[in-house]
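Sequences are here, hints too, so could you generate the full structure?
Residue-level listing of the chains:
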Amino acid sequence: MPDFHGAVASDVDDRGKGGTTIQHGTVRRLGDRVFQALSTWSGVAILIMLALVATFLVWQGMPALTTPADELPYGAFPQFVAPLLFGTIWTAVLALIMAVPVAVSVALFISYYAPRGLAASLGYVIDLLAAVPSVVYGLWGIGVLAPALQPSFVWLARHLGFIPLFAGPPSGTGRTILTVAVVLAVMILPIVTALSREVFLQTPRLHEEAALALGATRWEMITIAVLPFARPGIISASMLGLGRALGETMVVAMVLSPSAVISFALLTSQHPGTIAANIVLSFPESYGLGVNQLIATGLVLFVITLAVNMIARGIVDRHREFSGAN
Amino acid sequence: MATLTRATSASLTSGRLPSWVTGLLLSVAILGSATFFLAVGSPGLLRILFTGALIFASVMMVASLAVEGRRRAKDRLSGIVVTSAFVLALLPLISLVLSVVRYGSQRFDLQFFIYSMRSVVGEGGGAAHAITGTLWVTGLATVISVPIGILAAIYLVEYGTGPLARSITFFVDVMTGIPSIVAGLFAYSVFVLIFGPGTESGLAGAVALSVLMMPVVVRSTEELLRVVPNELREAAYALGVPKWLTVLKVVLPTALAGIVTGVMLAVARVIGETAPLLIAAGFTQSLNNNPLSGPMMTLPVFVYRSYVDQGSPASAYLERAWAGALTLILIVMILNLAGRLVAARFAPKSGR
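Sequence order for the protein chains is G and Y. For what it's worth, my numbering labels the leading residue of the first sequence as 2, then goes sequentially. For what it's worth, my numbering labels the leading residue of the second sequence as 24, then goes sequentially.
Incorrect hints may have been included.
[Said to hold, decoys possible] Just so you have them, the derived chain Y footprint on chain G, three or more residues with Cβ under 8 Å:
#1 86-98
#2 268-281
[What the hints assert, rightly or not] Reference listing, derived: stretches of chain Y covered by chain G, where coverage requires no fewer than 3 residues with Cβ under 8 Å from a Cβ of chain G:
#3 78-91
#4 105-118
#5 132-138
#6 289-300
[To be verified] Here are some chain Y residues pointing at chain G (derived, C-beta under 7 Å):
#7 Leu54
#8 Ser56
#9 Phe59
#10 Ser122
#11 Leu174
#12 Ala175
#13 Gly200
#14 Val205
#15 Leu208
#16 Phe209
#17 Glu342
#18 Leu353
#19 Ile354
#20 Val355
#21 Asn359
The set of hints was computed from the structure by calculation and includes no laboratory data. We put the CB at the ideal spot given by N, CA and C, even for glycine.
In structure tokens form, the structure reads like this:
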């Protein structure tokens with residue numbers, strides 16, 4: 002009775018994972034073999050998909066790098082991509098600077114300050130921010146946020162104009178790089194909050210209780226027991242947020258009217274676009290090598306976000322192995 | 024301050040501010056700032072709230088420093104900061120929902136749902152073509168990505184060990200961070216390669232969306248399969264049930280509610296994607312029920328195009344854009360809520 006052996010093997014091999022049980026030496030049924038092959042190949046298909054994305058972008062983007070500059074509709078590639086790359090990183094970093102402190106505070110509020118019974122629903126409310134489609138954020142950014150922020154931009158430029166960041170003349174529409182960064186910050190806040198909350202959940206409870214038992218206030222407990230443990234997790238959560246902000250398209254495309262400049266000024270109407278927004282804005286009118294050039298910029302974006310995400314995930318995974326929490 | 028200390032200096036709670044102080048100070052601060060701004064003549068909800076919070080924080084700090092000492096004052100400050108951060112995070116959500124409902128309800132009528140934009144100039148018209156397009160594209164994306172996603176998750180949980188499983192897990196995580204526009208470019212280049220330059224179709228849009236959707240499905244299904252109690256599998260093995268039937272008839276049904284929820288959340292995530300569809304599926308003014316050929320309008324792209332390509336009168340186009348946004352938000356919220364309800368209603372009973 003070969004199947005009986007299979008069953009025994011599964012009992013012996015109980016590692017709480019539910020798999021890897023049927024040992025060799027037993028007859029494997031056709032159904033088993035087909036099913037295992039099917040699911041394995043589905044897993045491999047995902048890897049192949051990622052590889053295909055990279056291959057196609059390289060393939061279609063290559064002509065933009067190899068063709069002489071005077072035949073390219075958007076000019077030489079490095080000069081074409083540099084302002085866009087700058088704009089992409091600059092908006093994403095601005096958004097990150099605004100989002101991370103708020104996001105971590107919100108996570109602390111939900112995990113440690115809010116009433117226990119409410120915590121889950123408060124977390125759900127914050128998650129709703131992530132569910133709003135980006136094009137709706139775009140409409141809101143132009144229709145509501147930009148006009149609302151515009152007077153404060155004028156005020157900032159008048160009183161703090163001596164700082165290069167806030168140098169004028171301020172934009173008359175409020176559609177500035179700072180507005181975009183605010184919307185991006187709102188968009189990446191939920192993911193940073195959710196991941197930080199997950200890390201806070203993994204904090205050893207005994208450390209927290211020990212700190213409280215020694216007479217620490219709630220805030221001291223957080224600085225002694227929670228934050229040191231959670232730091233790697235918060236860093237990687239921020240990097241995942243950065244990845245989101247780098248790739249965000251519609252908000253930038255709708256709110257900004259970009260020009261090919263490299264400028265740190267936050268409030269003027271002269272500002273760089275971003276890679277993703279530029280693709281969306283230029284794609285409908287581009288043809289021939291122009292399309293290849295846009296795809297090549299997409300490849301640059303892909304490589305950057307891939308690197309950011311891989312580093313972030315690497316930190317999370319290493320962290321997970323060392324923490325005894327799960 | 025003196026009265027406060029005297030009132031509380033009796034017992035175990037000596038040296039602490041009584042609990043009603045917080046509420047009292049907060050309401051006094053908000054009222055104070057409200058009267059100030061009303062008197063000055065520039066009432067604005069945000070201004071009043073912000074100033075009120077500042078007044079509250081500083082008064083609270085002084086009181087707490089005087090009565091409770093530095094450490095407790097710091098603790099109170101952290102509480103105030105963290106709570107205001109939460110309120111701050113809620114403001115955009117509230118503002119966004121209010122404005123979408125306000126501007127969107129103007130054209131949220133029957134005509135919006137049964138008319139397309141074919142030969143419509145100016146007022147009138149609707150998003151019927153965009154809604155059917157969204158159904159086609161998202162439906163196809165679901166059909167492509169859900170089976171592969173679920174099978175991959177089964178591989179990871181039931182079969183996977185060693186480097187292959189580890190790298191799949193890792194790259195699935197990485198894939199959730201792919202910018203949506205890159206997925207659009209990928210689908211566009213694949214279809215251009217097969218069908219020639221300038222090809223835009225609903226199917227290309229669906230391929231782009233499935234690149235984005237697959238990792239989400241794998242992730243959520245994997246999490247669900249891992250919480251299925253191992254005793255169930257062992258019981259099935261002990262009865263001589265082969266492994267593949269155990270997975271199909273025992274493990275999957277147990278996790279089914281959660282998987283359905285995961286799929287609904289994944290659909291909610293991709294249904295609002297604009298950039299990849301703009302590139303891969305294109306845009307059109309008329310109804311297209313053939314996902315294999317010709318551009319296909321979708322709801323997010325409809326919102327974007329209505330905004331970007333304003334004709335005359337501009338208000339008609341803007342109203343349609345906002346009505347589209349309202350429809351989109353409603354769909355996403357309903358999917359989210361329904362997903363949570365399914366999860367709560369049919370959650371598997373845990374073994375212990």
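A quick look at each hint next to the structure:
1. 86-98: Check failed, 0 qualifying residues.
2. 268-281: Contact hint for the region 268-281 of chain G vs chain Y: holds, 3 residues under 8 Å.
3. 78-91: Violated: only 0 residues of the region 78-91 of chain Y have a Cβ under 8 Å from chain G.
4. 105-118: holds (count 10)
5. 132-138: violated (count 0)
6. 289-300: It holds: at least three residues are needed, and the region 289-300 of chain Y offers 7 whose Cβ sits within less than 8 Å of chain G.
7. Leu54: With Cβ-Cβ at 24 Å, over 7 Å, it is violated.
8. Ser56: Check failed: Cβ of Y:Ser56 comes no nearer than 18 Å to chain G, outside 7 Å.
9. Phe59: 19 Å, violated
10. Ser122: Holds, about 5 Å.
11. Leu174: 4 Å, holds
12. Ala175: At about 4 Å, which falls below the 7 Å cut-off, the nearest Cβ of chain G leaves the hint on Y:Ala175 intact, so it holds.
13. Gly200: Nearest chain G Cβ about 4 Å off; hint holds.
14. Val205: With a closest approach of 5 Å, the Y:Val205 hint holds.
15. Leu208: It holds, given that the least Cβ distance between Y:Leu208 and chain G is near 4 Å, below 7 Å.
16. Phe209: Hint on Y:Phe209: holds, closest Cβ of chain G at ~5 Å, below 7 Å.
17. Glu342: Violated, about 11 Å.
18. Leu353: The hint is violated - Y:Leu353 has no Cβ within 7 Å of chain G, the shortest such distance being about 11 Å.
19. Ile354: Constraint on Y:Ile354 not satisfied, violated at 9 Å.
20. Val355: Interface hint status for Y:Val355: holds (5 Å vs cutoff 7 Å).
21. Asn359: 5 Å, holds
Hint compliance for this structure: hints 1, 3, 5, 7, 8, 9, 17, 18, 19 are not met, and every other hint is.
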